[in-house]
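Asks: Sequence:
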Amino acid sequence: MKDVQRPRCARKTPFDSFAFKNTRKRRLASGTALAGALGLLLIPNAAQAAWEPTKSVEFVVPAGTGGGADQMARMIQGIIQKNNLMGQPIVVINKSGGAGAEGFLDVKSSNRNPHKIIITLSNLFTTPLATGVPFSWKDMTPVAMLALDNFVLWVNSEAAQKSPKEFVEAAKEGGANRFKMGGTGSKQEDQIITAAIEQSAGVTFTYVPYKGGGDVAAQLVGNHINASVNNPIEAVSQWRAGALRPLCVFDKERIPLKEPVADGKSWNTIPTCKESGLDVEYTMLRGIFMGPGVTPDQIAYYVDLFKKVRETEEWKDFMAKGAFNVSFKTGDDFKTWLTAAETQHKTLMDKAGFTKQ
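Under the working numbering, think of the first position of the sequence shown as 86, with each following residue one higher.
In case anyone wonders, no lab produced these hints; they're calculated from the structure.
Nothing here was measured: the structure is a model prediction, and the numbers come from that model.
The beta-carbon is built from N, C-alpha and C at its ideal position, and this holds for glycine as well.
Treat the hints with caution; some may be incorrect.
Dumping the calculated DSBU-like pairs for lysine-lysine here, alpha-carbon to alpha-carbon at most 35 Å [as the list claims (entries may be wrong)]: (1) K250 - K431; (2) K193 - K223; (3) K414 - K359; (4) K401 - K223; (5) K193 - K420; (6) K265 - K359; (7) K393 - K431; (8) K343 - K393; (9) K257 - K140; (10) K393 - K193; (11) K180 - K265; (12) K414 - K431; (13) K250 - K296; (14) K201 - K420; (15) K180 - K193; (16) K441 - K414; (17) K193 - K414; (18) K401 - K420; (19) K441 - K223; (20) K420 - K167; (21) K247 - K431; (22) K265 - K431; (23) K441 - K257; (24) K406 - K296; (25) K223 - K359; (26) K193 - K392; (27) K140 - K392; (28) K201 - K393.
Here are the computed distance ranges between Cβ atoms for each label pair [to be verified]: (29) E258 - P381: 53 to 59 Å; (30) R263 - D389: 49 to 55 Å; (31) E360 - A134: 47 to 53 Å.
Take these sequences, add in the hints, and give me the full structure.
Replies: Set out below in structure tokens:
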């Protein structure tokens, strides 16, 4: 068998060995670079900024100027601006038409718009139930419960009643519709609480609506009505002056504030209505919503923003002065609360005949 001579081109040389090693190094380097690039695609970019507003944010108030919701929205606006909590301006806009329906329908139609938020109160439930307007809280995106407004049963300080039990007994003895209960608006929070007292205690009041809590307090001081269910902040000055007497608070627990307010008594001194034998519980939502279709990171931005608002001394002082329930809820916890609150309002308003048929 003949020996086969190796072709010249196939012979190994020192240069061949060097070239092979260099090529191998380049391949390894390329592979490492490719792996690194793929890794960057798989790992979130730490330098990538989270979502934040790129233009001014519209802060809708579904109520008129000067009311509780308007005051809170403007307080929040001031806190955000003073503490530089947001890089864009926040502008408060009142849309009160149709008992707040104007504001709710505006936000409902603002699909995928992260530059519009709305502050809500109980008209989130009462307006669609009482008017039949095609709207539900589920048409918007819940962001956070900021707080709950408390309500207190007030009488004139000259009245004989010093407890809810004595108040109910006096109302029964006076006969149907003899006791006048004053409140803000019709088929809203104050009248709903009045109806709940009637249903729970078996009494009947004559409900007298006024434009606002200040008017209600003045009428009670003047003995033109027998009682009211004003918010703490709406009657605290008259309590301090010795003109009004609180009988019970409609929250499920006593207000935790123990600093003396009037005559050596604090908000915490006031018993709950339920512990006093009047089985009625009611608080009013102060919540934040966005329109439908917003993204999780946009919701997260506002949750974080309002957490920062709540940490400021201005907010804490505002909460204490108004004797608010400072509960804070987001996500599923907030949605669960909203579902229960909607059911509560429907039940109370159905029994009272306040729902649109």
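Asks: Does the structure break any of the earlier hints, and which numbers would those be?
Replies: Hint 9 is the one this structure does not satisfy, whereas the remaining hints hold.
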